[in-house]
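J.: So the chains spell out like this:
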Amino acid sequence: MVTVRFLNLLRSTYKVEQLQVLAGTLSEVINQVLVLVSKMKKEDFDQAAIFVNQMKINHIDYDKEILKDGDVVVFTHFVGGG
Amino acid sequence: MHDYDIKNTELISITGLNKVKDTRVLIVGLGGIGGHLANHLARLGVKTLHLCDHDVFQPSNINRQLFSSVASLGSSKADIVGKAVQGIRQDVKVVVHACRIENLDSHIWNDIDIVMDALDNVKTRIYLEDMAYRHNVPLIHGAIGGWYGQVGIIMPGSRILARLYQGKEQGPEAILGSPTFTPSVIAGIMVGEFVKCMQNDEHALIDKIMMIDLLNHDYQILTFDEPNERKERL
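So the protein lines, in turn, are chains A and B.
In this text, residue positions in the first sequence follow our numbering: the first is 792, and each later residue adds one.
In this text, residue positions in the second sequence follow our numbering: the first is 2, and each later residue adds one.
Don't take each hint at face value.
Here are the computed lysine to aspartate or glutamate pairs in the EDC-like style, where the Cα-Cα straight-line distance is at most 20 Å [said to hold, decoys possible]:
#: 1; chain 1: B; residue 1: Lys-169; chain 2: A; residue 2: Asp-837
#: 2; chain 1: B; residue 1: Lys-169; chain 2: B; residue 2: Asp-131
#: 3; chain 1: A; residue 1: Lys-847; chain 2: B; residue 2: Asp-214
#: 4; chain 1: B; residue 1: Lys-169; chain 2: A; residue 2: Asp-835
#: 5; chain 1: A; residue 1: Lys-855; chain 2: B; residue 2: Asp-226
#: 6; chain 1: B; residue 1: Lys-124; chain 2: B; residue 2: Asp-112
#: 7; chain 1: A; residue 1: Lys-806; chain 2: B; residue 2: Asp-80
#: 8; chain 1: A; residue 1: Lys-847; chain 2: B; residue 2: Asp-219
#: 9; chain 1: A; residue 1: Lys-847; chain 2: B; residue 2: Asp-208
#: 10; chain 1: B; residue 1: Lys-169; chain 2: A; residue 2: Glu-834
#: 11; chain 1: B; residue 1: Lys-169; chain 2: A; residue 2: Asp-852
#: 12; chain 1: A; residue 1: Lys-847; chain 2: B; residue 2: Asp-226
What the simulated footprint calls covered on chain B by chain A, stretch by stretch (three residues with Cβ under 8 Å from a Cβ of chain A suffice, anywhere in the stretch; the number is not a length) [claimed, not checked]:
#: 13; stretch: 153 to 167
#: 14; stretch: 214 to 220
What the hints contain is simulated information worked out from the structure, not anything from laboratory work.
Note that this is a predicted model, so its numbers are computed, not measured.
By construction, the Cβ of each residue, glycine as well, lies at the ideal position given by its N, Cα and C atoms.
Starting from the given sequences, assemble the full structure and let the hints guide the process.
T.: Rendered as structure tokens:
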């Protein structure tokens, strides 16, 4: 299983901190999340920064990024105010 | 050592404190985060503080910006913060730059050892990261939005901010707002990281971003892979 964690705004908005989903590509993982958290929208992921095992990945790698059992993927939004 | 420093030497060695005090710091942005940074750094005894902000205080600043007041409305943030900081410690050399960072004289960068990002928009943050890289100066980044904030130490060449924001010009802070309490928390963490960085402490957030969630009481440290063009300093 892959652990999916939501930080900051995503966590607060959808009241979900962590999920377990089946291993697969990042696209497949996101699709599983959208089923489990029905209010979440695909656009939320377009705006999110994504880290796999604490390492930043680029959005263009959605389909190439393979998540294995034991991996932890984090979705978060960054802020820019001061 | 000055009597003003006694309470800091319980935590920081005299050698370490002297290194901190001798570091020449540029604070860019003197709003919510920046005002608290200037206050903290002056009280740490940092001897040379460059303060850069083109803006004037407005009524909407009073909820969070340390040196804003009814009396300072309409006045230059750089001038007001400069005077306040000078009043905290007379042995601090304060250099005020009441201009946009884009208009800062390039020779000023020769007098800077570390720059602190307290800006309020992504576009200028990316510009500042680029300038810090060009002048081989480490950047301590801090940002807020609502209950959330982030802090990291960005070494020249890592280009973490450009990779973090990925071309976006704004985060969700426009809808999350800028509350009274978040900027001071983030500024305090930034100054703590500054002290760690100056002491080569292994816990410093070098090329990492710590995400801070004050609503859910959550801190997460996120990392970035090594870019090819990175240069080392410190």
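J.: Hint by hint, say whether it matches the structure.
T.: Structure-based check of all given hints:
For the proposed pair Lys-169 (chain B) and Asp-837 (chain A), the alpha carbon gap of about 11 Å is at most 20 Å, so the pair holds. With a C-alpha separation of about 16 Å, the suggested pairing of Lys-169 (chain B) with Asp-131 (chain B) holds against the 20 Å cut-off. Proximity of Lys-847 (chain A) to Asp-214 (chain B) is assessed by CA-CA distance (about 19 Å); at most 20 Å being required, the pair is judged to hold. At most 20 Å may separate the alpha-carbon atoms for a hinted pair to count; Lys-169 (chain B) and Asp-835 (chain A) meet this at roughly 14 Å.
About 17 Å separates the Cα atoms of Lys-855 (chain A) and Asp-226 (chain B), which keeps this hinted pair within 20 Å; it holds. As the CA atoms of Lys-124 (chain B) and Asp-112 (chain B) are separated by approximately 24 Å, the hinted pair breaks the 20 Å bound. At roughly 44 Å between alpha-carbon atoms, Lys-806 (chain A) and Asp-80 (chain B) are farther apart than 20 Å, so this suggested pair is violated. The hinted pair formed by Lys-847 (chain A) and Asp-219 (chain B) meets the criterion: a straight-line CA distance of about 19 Å does not exceed 20 Å.
The straight-line distance between the Cα atoms of Lys-847 (chain A) and Asp-208 (chain B) is roughly 12 Å, inside the 20 Å bound, and the hint therefore holds. Pair hint Lys-169 (chain B) plus Glu-834 (chain A) holds up; C-alpha atoms about 14 Å apart against a cutoff of 20 Å. A threshold of 20 Å between alpha carbons decides the hint, and for Lys-169 (chain B) with Asp-852 (chain A) the separation of about 18 Å falls inside it, so the pair holds. Annotation: proposed proximity of Lys-847 (chain A) to Asp-226 (chain B) holds, straight-line Cα distance about 7 Å (limit 20 Å).
As drawn, the stretch 153 to 167 of chain B meets chain A at 4 residues by the rule of a beta-carbon pair under 8 Å; at three or more, the given contact holds. Beta-carbon proximity to chain A at under 8 Å applies to 4 residues in the stretch 214 to 220 of chain B; the threshold of 3 is reached and the given coverage holds.
Checked against the numbered hints given earlier, the structure breaks hints 6, 7 and satisfies all the rest.
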